Structures are given as structure tokens and as C-alpha cells.
Amino acid sequence: MKVKEIAELLNATVFTTNCYNDEHEIKYAFSGDLMSDALMVLRNAPSEFFFNGVLITGNVTIQSVRTAEILDFPLIIMTRDKIPTSQVISQAEKSNIMLLGTRNVMFSVSGKLYQNNVLGYTDIVES
Amino acid sequence: MSPKLKKDFVISRRDFQNAGYVSSTIKKELMKRNIDSRIVRRAIIACFEAEINVVIHSYGGMCRYQLDDEKLIMTFADYGPGIEDISMAKQKGYSTASKDAIEHGFGAGMGLHNIEEAADILEIQSSPNGTMLQITILLRMK
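One line per chain: the protein sequences are A and B, in this order. Taking this note's numbering, the leading residue of the first sequence gets 1, the next gets one more, and so forth. Taking this note's numbering, the leading residue of the second sequence gets 1001, the next gets one more, and so forth.
The hints are simulated quantities; they were obtained by calculation from the structure and are not laboratory data. The model shown is predicted, which means the values in this text are computed figures rather than measured ones. Do not rely on the hints blindly, as some may be mistaken.
[Said to hold, decoys possible] So the derived label-pair ranges between C-beta atoms look like this:
1) A/E5 <-> B/N1129: 49 to 59 angstroms
2) B/R1064 <-> A/E8: 45 to 55 angstroms
3) A/R80 <-> B/N1018: 45 to 55 angstroms
4) A/N18 <-> B/L1138: 31 to 41 angstroms
5) A/Q115 <-> B/G1060: 40 to 50 angstroms
6) B/G1080 <-> A/E25: 44 to 54 angstroms
7) A/S47 <-> B/V1010: 25 to 35 angstroms
8) B/R1038 <-> A/E23: 18 to 28 angstroms
9) B/Q1091 <-> A/R80: 29 to 39 angstroms
[Said to hold, decoys possible] The calculated lysine-lysine pairs, modelled on DSBU-like cross-linking and capped at a C-alpha distance of 35 angstroms, are:
10) B/K1007 <-> B/K1027
11) B/K1004 <-> A/K94
12) A/K27 <-> B/K1004
13) A/K27 <-> B/K1028
[To be verified] Negatives, chain B to chain A, calculated, CB over 10 angstroms:
14) K1004
15) V1010
16) S1023
17) S1024
18) K1027
19) R1064
20) I1073
21) S1087
22) K1090
23) K1099
24) G1105
25) M1110
26) E1117
27) D1120
28) E1123
29) L1138
We put the CB at the ideal spot given by N, CA and C, even for glycine.
Chain B with its partners taken away, still in its complex shape:
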């Protein structure tokens, strides 16, 4: 049994230079644990898209990840403006991203769709005050 882990990260608005740091850190932790590499990749794709979404769309937020032998839970919580229409936002190609997001290779309206495809369980709550997104990945050892 590996020890349970819980860690929090702050994610700053429009901070493209550091966007990806959370995903990179969680990936390193998963790789230490002998988890099937396809599951690691799926988990980190979901994490990276969610991290980028906080950078692009919110006024700033945080990520908490909780890891045990069976699952990885990543919770992203941010301050406003929230997702106006969640079902529209899950559709491929629906985007409200800014020009600088597009210049960094994101903002084409695929993020939430990618997260939904990669996650085993996805919960989203959103209001004009902010968004909470919880991604659960079920783990399997090699």
C-alpha cells in the first residue's frame, strides 16, 4: 500500500507560463506508483485541460488532488464568471476563450469535452461566482 496523499495548488489567472505545473507535479507522483501508463496519461490529460481552463476562463482558483491506491480525485475550484451553459460547454468546438488562449494552443472549445472523455467520473457545479469541477480517475497498477 502506498501512503495516501493530499495536496493543494494555487492557479493564477492568465498565468500561461506556469500553466501545466500542477499536471506535471501530479504526473510525477503517479509515475512513482507503478500505475498503468495509459491511466496516467488519461488522468494528466484531464488535469491539464482543467488547469488550463482555470487559467483561461476564471479569475483564479486552486486544485486539490487526493490520491490513494484505488483512485485519484482532482478538484478544481475557481472564482467566477462560471460556465453559463454546461451542456453547451461540453460540446466540441464551443468556446468563449480569449485570443491569448488560442495563441497558446488552447481555447478551441475542446477542453471540457476532453475532460469528460478522459475522466471516469466528472462532476461540475457552476454559478456566476465560480466553478467547481471534480475529476475522478480509477487506478489500476501495472
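Next comes chain A alone, as it looks inside the complex:
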């Protein structure tokens, strides 16, 4: 899915207006609030998982941006109408990471993307 298709599907707000490549293709996703979990589970994932991946989280702190930066995710979807601070948005733009916000809860975001053929880590390592 292209980022613009995801934004439309989730009726999302674009927080990083200075950094928004709506044509970027997203094929993979990881959902979670625990950043250590993302770091541990994904440490051996292929690079494509990150370059064409999204981090779905309810964590709107700067650490979700740092985690995306460390793992090379170009996109974060922040769930449940949470709004990041201007400092978080500015750090995301500096790190070239797109931030989208949606009213959908994490379960619904994950389900809607999965229905559109966006895969999780275990879908690619176990297939």
C-alpha cells in the first residue's frame, strides 16, 4: 500500500508536513507500545522489512521516533487519537520519518492494513 492509501483508509492526520512522501510503498508492519519488543523481535529481520515497513504504536513519545530511526522505519502510525508534541514531530522530520495519527485503535489499524496485504514479521519468516 502507498502511504497515501493508508492515510485515506485510516482517515489519518499527517503530523510531519515537512516530511511526507505519500507514494512510499508499505508492505510490512510491526505493532506495539513496547520499544524493546520491536528492537528484540525485529533485530534479524531483512532490511526490506524496515525500508518498506511501518511502526504502529500508541507510544507518542520521542522514543518511538528514535526506535523507528534505529530500525530504519520510514513511517509511524500513532493510534487512538494521541497527539505527539511539537518536539516529537520536529525530531521525526529531522530523522526523515513520517508520522500519521488516527482515531483507530492499534488492533483496528493492524487489521485494516493486514486486509490490504501488509504483512507482519512472522508472516515472512514462517512462510
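Dock chain B against the given chain A, drawing on the hints supplied.
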């Protein structure tokens, strides 16, 4: 041959706003050197977890990284209170973190375990005065 590098950073206690700066800086340096991206990711995951540990658990500390063509050595040294039981702390789920650490997505007791899994060599020394953690990553070019 790339030049050898050595650099020090100060890491402040409970400074969640800047936590990750050291990891981000080291990552940029590794990416300049044409190192296999999986090794870069493993190195920076270990670095980020160690940096977060200093922010969450210590009274403040520093990181020194040394880089040459064969290896990256990251040394994290902090002031107290130290790790009471290192083998317990390496177990998944064992945590002594505060509520604010958890709000930032850490403190679930996976940090030291993650570092051990990501590092090629890990040395830990700890006392009530502080902790020294040395992470070695063996490098391979693309």
C-alpha cells in the same frame, strides 16, 4: 582502510528527550563505512538499549565508542546504584524500572537480554558505585 575513531558522550539521568542521540550518531558513522546493514542494526540496537539503561537506571554516565575496520567497541560507564544481580537482570521480564521509563516504551526487563543477544562480546562489571558495560561488535563490510 577507514581512520580509527574514538569519541565520548555524556548521558544524563532521566533525560528521555535526548536518549537515543548517542545511538543515532554512532549509526550515522557506521553507515558511512559500507558495513553490512544487519550488523549496523544489531550494533545500534545494543547501543540504544544500553543508552536507555543509563538514562533509566543510573545517576548519569558516559559512552565511549571506538571504531576501526574490524570492530566497534562501545563502553557505557555510569554512577550507581549498580545492578544487584546481573544474572537476574539478563532474564527477560526482570525489571526495576520506574513508571516514566515504561511510559517511554522501555523498562519491561528486556534491555540487558537484548544487548546480550545483539552483542558479539559483552562484559559487565557492576557495584553499588556504578556499572560498566562493554559491547563489542565484529564488523563485516558489504
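Results of checking the hints against the structure:
Under the hint 49 to 59 angstroms, the C-beta atoms of A/E5 and B/N1129, about 55 angstroms apart, fit the expected range. Evaluation of the 45 to 55 angstroms hint for B/R1064 and A/E8 yields a pass: the beta carbon distance comes to about 48 angstroms. Against the hinted window of 45 to 55 angstroms, the Cβ-Cβ separation of A/R80 and B/N1018 comes to about 27 angstroms, which falls outside the hint. A hinted range of 31 to 41 angstroms for the beta carbons of A/N18 and B/L1138 is consistent with their spacing of about 39 angstroms.
The hint said 40 to 50 angstroms for the Cβ distance between A/Q115 and B/G1060, and at roughly 48 angstroms that hint holds. Separation of B/G1080 from A/E25 is about 48 angstroms and conforms to the stated range, judged on CB atoms against 44 to 54 angstroms. In this structure the supplied range 25 to 35 angstroms holds for A/S47 paired with B/V1010, their Cβ-Cβ distance being about 32 angstroms. Checked against the given bound of 18 to 28 angstroms, the beta carbons of B/R1038 and A/E23, roughly 27 angstroms apart, stay inside it.
Evaluation of the 29 to 39 angstroms hint for B/Q1091 and A/R80 yields a pass: the beta carbon distance comes to about 32 angstroms. Distance restraint check for B/K1007 and B/K1027: the Cα-Cα separation of roughly 13 angstroms lies within the 35 angstroms cut-off, and the hinted pair is therefore satisfied. With a C-alpha separation of about 28 angstroms, the suggested pair B/K1004 and A/K94 falls inside the 35 angstroms cut-off, and the hint holds. Under the criterion of a C-alpha separation no larger than 35 angstroms, the hint pairing A/K27 with B/K1004 is inconsistent with the structure, at around 38 angstroms.
A threshold of 35 angstroms between alpha carbons decides the hint, and for A/K27 with B/K1028 the separation of about 25 angstroms falls inside it, so the pair holds. The Cβ of B/K1004 lies farther than 10 angstroms from every Cβ of chain A, with a closest approach of about 24 angstroms, so its non-interface assignment holds. Every beta carbon of chain A lies more than 10 angstroms from that of B/V1010, the smallest distance being close to 18 angstroms; the non-interface claim holds. Against chain A, the non-interface label of B/S1023 is violated: not every CB pair exceeds 10 angstroms, the least being about 6 angstroms.
A beta-carbon of chain A is positioned within 10 angstroms of the beta-carbon of B/S1024; the least distance is around 6 angstroms. With a minimum CB-CB distance of about 7 angstroms to chain A, B/K1027 fails to clear the 10 angstroms threshold, and the non-interface call is violated. With a least beta-carbon separation of about 20 angstroms from chain A, B/R1064 lies farther than 10 angstroms from that chain, consistent with its non-interface assignment. The Cβ of B/I1073 sits about 19 angstroms from the closest Cβ of chain A, beyond the 10 angstroms cut-off, so the non-interface label holds.
Distance check on B/S1087: its Cβ is at least 19 angstroms (rounded) from any Cβ of chain A, clearing the 10 angstroms threshold; non-interface status holds. Distance to chain A confirms B/K1090 as a non-interface residue, since its nearest Cβ pair spans about 13 angstroms, more than 10 angstroms. B/K1099, annotated as away from the interface, keeps every beta carbon of chain A farther than 10 angstroms; the closest lies near 13 angstroms. Remark: the non-interface label on B/G1105 conflicts with the geometry, its nearest Cβ contact in chain A lying 4 angstroms away (cut-off 10 angstroms).
The claim that B/M1110 lies off the interface is violated: its Cβ sits roughly 4 angstroms from the closest Cβ of chain A, which falls inside the 10 angstroms cut-off. A cut-off of 10 angstroms between C-beta atoms contradicts the statement that B/E1117 is not in contact with chain A; the least separation is 7 angstroms. Under the 10 angstroms C-beta cut-off, the non-interface status given to B/D1120 relative to chain A holds; the minimum distance is some 13 angstroms. Every CB of chain A is more than 10 angstroms from the CB of B/E1123 (nearest about 20 angstroms), matching its label as outside the interface.
No Cβ of chain A approaches the Cβ of B/L1138 within 10 angstroms, the least distance being about 16 angstroms, so the stated non-interface status holds.
In the structure shown, a violation is registered for the earlier hints numbered 3, 12, 16, 17, 18, 24, 25, 26, in ascending order.
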